[in-house]
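Could you put the whole structure together from the sequences, leaning on the hints where they help?
Anchor point for the sequence shown: position 145 equals 145 in full-length UniProt numbering, and the numbering is continuous, going up by one each time.
If you are wondering where the hints come from, they were derived from the structure by calculation, not from laboratory data.
Certain hints may be false.
Listed next, the in silico DSBU-like pairs over lysine-lysine satisfying Cα-Cα at most 30 Å (straight line) [to be verified]:
#, residue 1, residue 2
1, Lys46, Lys63
2, Lys177, Lys29
3, Lys106, Lys212
4, Lys177, Lys212
5, Lys46, Lys67
6, Lys79, Lys46
7, Lys147, Lys186
8, Lys23, Lys82
Distance ranges between label pairs, derived from CB positions [claimed, not checked]:
#, residue 1, residue 2, range
9, Pro66, Asn152, 36 to 44 Å
10, Asp162, Thr133, 25 to 33 Å
11, Thr145, Pro66, 20 to 28 Å
12, Asp204, Val136, 39 to 47 Å
13, Leu161, Met51, 44 to 52 Å
14, Phe167, His114, 44 to 52 Å
15, Leu36, Pro80, 27 to 35 Å
16, Asp87, Tyr127, 29 to 37 Å
17, Ser149, Phe205, 51 to 59 Å
18, Ser149, Glu61, 47 to 55 Å
19, Thr15, Thr145, 29 to 37 Å
20, Ser149, Asp198, 46 to 54 Å
21, Ile68, Asn152, 57 to 65 Å
Backbone N, C-alpha and C fix where the C-beta goes; we use that ideal spot for every residue, glycine too.
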Amino acid sequence: MEISPETTSDPLFTTEEILDCLKVMNPNKSPGPDHLTSDICLMFAKLYPSMVTSIMNRCLELKYFPKIWKKAYIKIIPKPNKSDYYDTAAYRPIGLINVFGKLLEKLIIQRITHHINSNNFACNNQYGFKEQTGTVHALKKVIDTVKQSKSNNEHVIAISLDIQAAFNNAWWPLIFKRLHKIKCPKNLYDIMLSYVQDRKAQIDFADSSATKTLTRGCI
1 MEISPETTSD PLFTTEEILD CLKVMNPNKS PGPDHLTSDI CLMFAKLYPS
51 MVTSIMNRCL ELKYFPKIWK KAYIKIIPKP NKSDYYDTAA YRPIGLINVF
101 GKLLEKLIIQ RITHHINSNN FACNNQYGFK EQTGTVHALK KVIDTVKQSK
151 SNNEHVIAIS LDIQAAFNNA WWPLIFKRLH KIKCPKNLYD IMLSYVQDRK
201 AQIDFADSSA TKTLTRGCI
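Set out below in structure tokens:
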């Protein structure tokens, strides 16, 4: 990983930010190993806002992502309408992590996204994982390009590329290189370094259990 950029640090998280993040989480999703759903965590944060805000901000100040929030428990979900359920590809692994870990992740992501957007670091040709853009906008860009080229009597070639299991194979060093290039605020960069260190995934099946340390991708 690259060393921290020589940039200023972002301000501490606000209670309003924290409550807003918890409010948009789906309370019907399976909880992590602590069995706390997002509605319970939201209720706790409303009752003890100073405590929750202090915990999140201490993590940011210490640039430390707690280990207990970095361990995922894997549940295996069968994919529908598969012909062969003896094939591992017929199943989807779902990583369950604690809601407060998700909360800290979301707070960090929001801050980094704001930094990218406010400094115009986002690629104009990116349509996925970008607010207010999607496949409709991407298709419109393709159609407009084809029409413009045809009106100029030019040839058009389309090349389609699909990266299999892109999320599972996201290469962390390249992500940090990009964060360094966009001058990511120092405390956000450093807590991201902590975030990817010693991440683990555990799967239990029958009487067996296996734990793997993750070195790429996301949970």
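Here is how each hint holds up against the structure:
1. Lys46 to Lys63: 25 Å, holds
2. Lys177 to Lys29: 33 Å, violated
3. Lys106 to Lys212: 24 Å, holds
4. Lys177 to Lys212: Holds - the C-alpha atoms of Lys212 and Lys177 are around 25 Å apart, at most 30 Å.
5. Lys46 to Lys67: Status holds; Cα separation ~25 Å.
6. Lys79 to Lys46: 38 Å, violated
7. Lys147 to Lys186: 45 Å, violated
8. Lys23 to Lys82: 36 Å, violated
9. Pro66 to Asn152: 36 to 44 Å: 57 Å, violated
10. Asp162 to Thr133: 25 to 33 Å: 19 Å, violated
11. Thr145 to Pro66: 20 to 28 Å: Given about 47 Å between the Cβ atoms, the range is violated.
12. Asp204 to Val136: 39 to 47 Å: 42 Å, holds
13. Leu161 to Met51: 44 to 52 Å: 48 Å, holds
14. Phe167 to His114: 44 to 52 Å: At roughly 22 Å between Cβ atoms, His114 and Phe167 fall outside 44 to 52 Å, so the hint is violated.
15. Leu36 to Pro80: 27 to 35 Å: 29 Å, holds
16. Asp87 to Tyr127: 29 to 37 Å: With Cβ atoms ~32 Å apart, the hint holds.
17. Ser149 to Phe205: 51 to 59 Å: 54 Å, holds
18. Ser149 to Glu61: 47 to 55 Å: 53 Å, holds
19. Thr15 to Thr145: 29 to 37 Å: 46 Å, violated
20. Ser149 to Asp198: 46 to 54 Å: The hint (46 to 54 Å, Cβ to Cβ) holds, given that Ser149 and Asp198 are roughly 50 Å apart.
21. Ile68 to Asn152: 57 to 65 Å: 59 Å, holds
Checked against the numbered hints given earlier, the structure breaks hints 2, 6, 7, 8, 9, 10, 11, 14 and 19 and satisfies all the rest.
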